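So the protein lines, in turn, are chains G and S.
Numbering follows this note's numbering, in which position 104 of the first sequence is assigned residue number 104; successive positions increment by one, without gaps.
In short: position in the second sequence from 1, add 1000, done, that's this note's numbering.
By construction, these hints were calculated from the structure, which means they are not laboratory data.
If you're wondering where the values come from, they're calculated on a predicted model, not measured in any experiment.
Computed footprint of chain S on chain G; a stretch qualifies when at least three of its residues, placed anywhere within it, have a C-beta under 8 Å from a C-beta of chain S:
1. 37-50
2. 83-96
Result set (DSBU-like, lysine-lysine): computed pairs, CA atoms no more than 35 Å apart in a straight line:
3. S:Lys1076 / G:Lys3
4. G:Lys13 / G:Lys70
5. G:Lys3 / S:Lys1111
6. S:Lys1057 / G:Lys3
7. S:Lys1068 / G:Lys57
8. G:Lys13 / G:Lys55
9. S:Lys1068 / G:Lys55
10. G:Lys71 / S:Lys1057
11. S:Lys1081 / G:Lys3
12. G:Lys70 / G:Lys55
13. S:Lys1076 / S:Lys1057
14. G:Lys13 / G:Lys53
15. S:Lys1111 / S:Lys1057
16. G:Lys57 / G:Lys71
17. S:Lys1081 / S:Lys1111
All residues carry an ideal CB built from backbone N, CA and C; glycine is no exception.
Each chain, letter by letter, is given below.
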Amino acid sequence: DVKVTQSSRYLVKRTGEKVFLECVQDMDHENMFWYRQDPGLGLRLIYFSYDVKMKEKGDIPEGYSVSREKKERFSLILESASTNQTSMYLCASSTTVNTEAFFGQGTRLTVV
Amino acid sequence: GQNIDQPTEMTATEGAIVQINCTYQTSGFNGLFWYQQHAGEAPTFLSYNVLDGLEEKGRFSSFLSRSKGYSYLLLKELQMKDSASYLCAVQRHNNAGNMLTFGGGTRLMVKP
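Produce the entire structure from the sequences given, and follow the hints as far as they go.
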C-alpha cells in the first residue's frame, strides 16, 4: 500500500515561531504537494514539487516555503507563524503519469 | 488561475441516486478527479476522467465534457456510509508538471 506519512497529527505553536511540517512517501513518487484545508474554502494548493530540489508556487504560497532535498520527503515551513495559518495541512504525492494523488492523514496546526 | 465550482451541500435519501456537479475553467487541462473525504480523514480517490464520456465503477460513475468544462459524480443505491464530502479536482499541465487543484467540496448527507 502507498503510504504518505505526516510527522504530526496535531500541533500547537505560538505566533512568530518557525514551524516545520514534514511529509514522507514510500512509493518513489515524483510529485509532492502541500495543501491547506479550511471550512468553506476546500483544499488550496500552497506549493508543489515535481522533483528533488524543484518547487513551484501554488495558489496561496505567501507566508510559506518548502524544501525537497530527498525524493521521499517534502517539508513545509512557516517562517513566522501567524494565527491566520491555523488550519488543517494535507500532504499528497503522485507519479508523473495521470494517476491519483495519495494523501497523508493531515496535520491540524493551531497558532496561538 | 482557474475556477472550480461545485455545490456546497446536498441531501439525499438512503437507496436513492444523487448527482454532484462540477464546473471548471482552466488552461492546460489534463484530467479531472473525484475524491471522497469523510470527516476527520484524508481524501481518497474515487475516479479519474481525461476523455469525454462516462466512467463507471460499481455504484459510482463519473462523467466529463471537456468542451463544456463540466463533470458530474453519480452515486447510486446510496448508503449511510456515503455521507461525506466529495471533492472535484482538476489536473492541469504546465512547464513545471501536473498541478492538482480542488474545488470547495460538496458535503453530502444521506438520510434514512
